[in-house]
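Top line first, the protein sequences correspond to chains A and B.
Using our numbering, read the first sequence as starting at 1394 and increasing by one per residue.
Using our numbering, read the second sequence as starting at 1237 and increasing by one per residue.
Check each hint, because a few of them may be wrong.
[Unchecked claim] Ranges between beta-carbon positions, derived for each pair:
#1 A/V1466 - B/P1324: 35 to 41 Å
#2 B/Q1348 - A/L1567: 40 to 46 Å
#3 A/L1567 - B/E1307: 27 to 33 Å
In short, the hints are calculated from the structure, not lab data.
Cβ coordinates follow ideal geometry from the N, Cα and C atoms, glycine included.
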Amino acid sequence: MTPAWRRYAPALIFLLPALVGLAVFRLVPILWSFVLSFYDWQIFDQPSFTGLDNYIHILTSPVSGQVLRNTAVFALIYVPGSIALSLVLASVLNNTLRSSTFFRSALFLPYITSTVAVTLAWKWIFSTRFGLLNNALAALGIDAAPAWLADPTYALPAVAIVSIWKDVGFYMILLLAGLQTIDPTYYEAARIDGARVVRRFFRITVPLLSRSLFFVLIIAMVRSTQTFEITYALTEGGPNRSSTTLAYFIYENAFIHFQMGYAAALAYILCFLLGLLTLVNFYFRRRWVHE
Amino acid sequence: MSELTLHEVEKRFGNTEVLRDLSLTVGSGEFASFVGPSGCGKSTLLRIIAGLERATTGEIRIDGRDVGRLEPVDRGVAMVFQNYALYPHMTVRQNIAFPLHTIGLPRQEVEQKVAEAARTLRLTDRLSHKPAALSGGQRQRVAIGRAIVRDPKVFLFDEPLSNLDAALRGEMRIELAELHARLGTTMVYVTHDQVEAMTMSDRIAVLNAGRIEQVGTPTELYHHPSTRFVADFIGRPAMNMLTGQATATDNNGITVSIENQEIRVPVDPGASPPKPGSAVTLGVRPENVAPAETGLRAEVQMVEYLGGVSVIHARTPSGQRLAASLPGAVNVARHAVVGFGFDPTDTHLFTPQGMAFRRRAVAAAALPTFLPTADGDAS
Ligand SMILES: Nc1ncnc2c1ncn2[C@@H]1O[C@H](COP(=O)(O)OP(=O)(O)OP(=O)(O)O)[C@@H](O)[C@H]1O
Ligand SMILES: [Mg+2]
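Whole structure, please, built from the sequences with the hints as guidance.
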């Protein structure tokens, strides 16, 4: 054995199980689905090579156009909504309820509970006639409340609301950790300098939290394109595909229509879009993230 | 020009009493220092004056107006923090301009004021740097710049020099004193370093465990410490404290016996003179102790040579410590038993409770006087 090999061998041996797992369960499917995206493969038939047909179809068909639009709308509700809400919650928790593990846990709870179970609870909340939400609205004098899950206008926002509710605790914990690294004397200095709450928030908190915010932004964007379980349990993509987003559409193609090649191509388009967005984010990072 | 008055200020955090019955008036344009050991409540007091913390009871007045319930900015105070608290994401320019933007000053005026402050503090070529790129002394000056642009009524400093190295600290002391002379603003300065307080202040308040132990000018505190705590805290090396007994009291003072030597200390016995045989503590500053043929005998433990002076640390036969500070180098061997003497008029006397007897006459030190040169070209 050469000295270098002798040095790295133990590490390699310890890493081996993880590496094998990674290769079998990650790397192989990733490469295989890439190959697959150039084939037409109904799961029970022989695959046939079709070149770029899948991609061309996705980029030209009105259905996938609608799905991409839905995904964008969903992201536009989910990303700003969850970041704004988690930022507010984290700030409140950091300032006034600093010692309260109760609130911290309560807000984090949705993130770790079973998605399908809590989504079913939300389904009742959204229920048109007996739901908590519409009854509450009625109590406020709003009688023409929408049929949330049955109305194409509201189904997608409903999915977004549940997704935000579910994830906001996670982002909040990340931001809270960021907030707790900010030296409180900056706030005292700002008070001496005459900055009131709102100014302190935008001039001190946001810039000093920008690294955490950037991290949360990237994660929220990625997650916004991956929403599946909530859609599945709440609306099944309906009504009339109005709440079908990309991840759900992939599932539909792969495991309902068994169009494996088509689904693989969709997955690669999603991957490409995400990569592009992340690059854009990193490009703008310099403008607002303070090191 | 503003006067700051503290009236019976108290502060408790839960059950811990941090400040007790604190009253003091800082005159308009005065440079006042609070000194005291760590944890005595200096920062708490400053934060109460600033408005970052509320006093439990008591009043804080600035120019006669009760400011106890106002936000810091409405009190007209500016504060320099111990760790500077410069906003790390802003440039020097933005840091200094921050308080001006918050009060909505027009852009042009802001720029003019920032430029002026930068010139005063020699920061002009650093304006577009971030705090991380500055040296300790420069950061210090930015913090001061941020404080002076607003023309505050009262400046508050919380140990502003404690993060600097010794040489820079000395330099900044002079700069701060010059700044005070130029601006003439009322300044309240908090430090645990008695040298800073002594060198810059018009008046010093010595804090001990949340109470003011004594207030006075630097010379008053040096020559007439009213308690043993103050005597110990002011002046370096610290005052020698020798325990002994009072043997007699008459109109000229109190005679004490220290290490079997009779010394008559010229102090005012006051209302309750010590009974013969009761314990007292004699204080004498190392700079007033010199080698002597007669006097206290003590064994030399160590000599600290500091260049300008040497400090001899010795121990009396009964184990009491005695230090003598002498100009230049000294020629004495370790473990040599030598005699130390001092003039009784230079001594202080304390009760066992640590209260000082008022000293009679303090030997007027021969102050060197500088005269202008005759031909007048000294300028
Ligand atoms: N928020 C607080 N809650 C409870 N106790 C506090 C609080 N702030 C300060 N104290 C206590 O008050 C006392 C005085 O603290 P302070 O910071 O004023 O001391 P200091 O004189 O500035 O000391 P240092 O020289 O170390 O800065 C300390 O015993 C400290 O533990
Ligand atoms: Mg302090």
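Now for the hints, and whether the structure bears them out:
no. : hint                          : result
1   : A/V1466 - B/P1324: 35 to 41 Å : 38 Å, holds
2   : B/Q1348 - A/L1567: 40 to 46 Å : 43 Å, holds
3   : A/L1567 - B/E1307: 27 to 33 Å : 32 Å, holds
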